[in-house]
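Counting along the sequence shown from 1, when you hit position 67 you're at 67 in the numbering used here, and nothing is skipped either side.
Be aware that one or more of the hints could be misleading.
[As the list claims (entries may be wrong)] With beta-carbon atoms standing in for the labels, derived distance ranges:
id, residue 1, residue 2, range
1, 50, 11, 19 to 29 Å
2, 50, 118, 19 to 29 Å
3, 60, 98, 19 to 29 Å
4, 110, 60, 37 to 47 Å
5, 59, 113, 40 to 50 Å
6, 57, 92, 18 to 28 Å
7, 121, 74, 41 to 51 Å
8, 52, 14, 18 to 28 Å
9, 111, 52, 41 to 51 Å
The hints are simulated quantities; they were obtained by calculation from the structure and are not laboratory data. Keep in mind that this is a model prediction, so the values were computed, not measured. Yeah, the Cβ is synthetic: ideal placement off N, Cα and C, and Gly gets one too.
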Amino acid sequence: MIQLSTMTAQQLRDAHLAAVAAADNALADAAWEIFISRYGERRDPIVTWHAFPPIPVRDFDWGAHRDSDEGGEGRMGWGRTEAEAIYALLDLEREAQADEDVAADAAAEHERVLAAYRLDQRL
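Make a model of the complete structure from these sequences and hints.
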């Protein structure tokens with residue numbers, strides 16, 4: 001028995017893709033639900049579409065974006081399957097959030113150093 005509840009994001013992703021490949025819909029759905037419940041919570045739904053571009057490479061057949069990003073200015077995930085496109089979008093969002101967190105930490109450190117400098121100037 002597979003313990004989905006103890007898996008990391010990458011393990012859930014791999015389990016989902018393996019289950020899809022094996023046509024085990026129950027396992028694929030379970031892995032997907034756990035993945036989304038942990039890592040995909042956001043205010044607006046994900047929209048997917050089958051692009052099927054006229055190129056020999058099938059790596060970009062599916063696209064995914066957030067419903068609020070309909071204008072095309074937001075992030076888009078691409079993949080060979082619908083699930084891969086969604087995972088790619090979620091990965092882009094996690095990377096962007098990590099970048100925002102680093103920037104916020106740097107700004108807070110800058111303010112702390114600036115406040116210490118100002119305090120030194122007063123003494």
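Here's how the hints hold up against the structure:
Between residue 50 and residue 11 the beta carbon distance is about 27 Å. The supplied range of 19 to 29 Å therefore holds. Separated by about 58 Å at the C-beta atoms, residue 50 and residue 118 break the suggested range of 19 to 29 Å. A hinted range of 19 to 29 Å for the beta carbons of residue 60 and residue 98 is consistent with their spacing of about 25 Å. For the pair residue 110 and residue 60, the supplied restraint of 37 to 47 Å holds, since their beta-carbon distance comes to about 40 Å.
For residue 59 and residue 113, the Cβ-Cβ distance of about 45 Å falls inside the hinted range of 40 to 50 Å, so the restraint holds. A beta carbon spacing of about 20 Å between residue 57 and residue 92 agrees with the range 18 to 28 Å that was offered as a hint. The hinted window of 41 to 51 Å between residue 121 and residue 74 holds, with their beta carbons roughly 44 Å apart. Between residue 52 and residue 14 the C-beta distance comes to about 25 Å, which sits within the given range of 18 to 28 Å.
Distance hint for residue 111 and residue 52: a CB-CB separation of about 50 Å, consistent with the stated range 41 to 51 Å.
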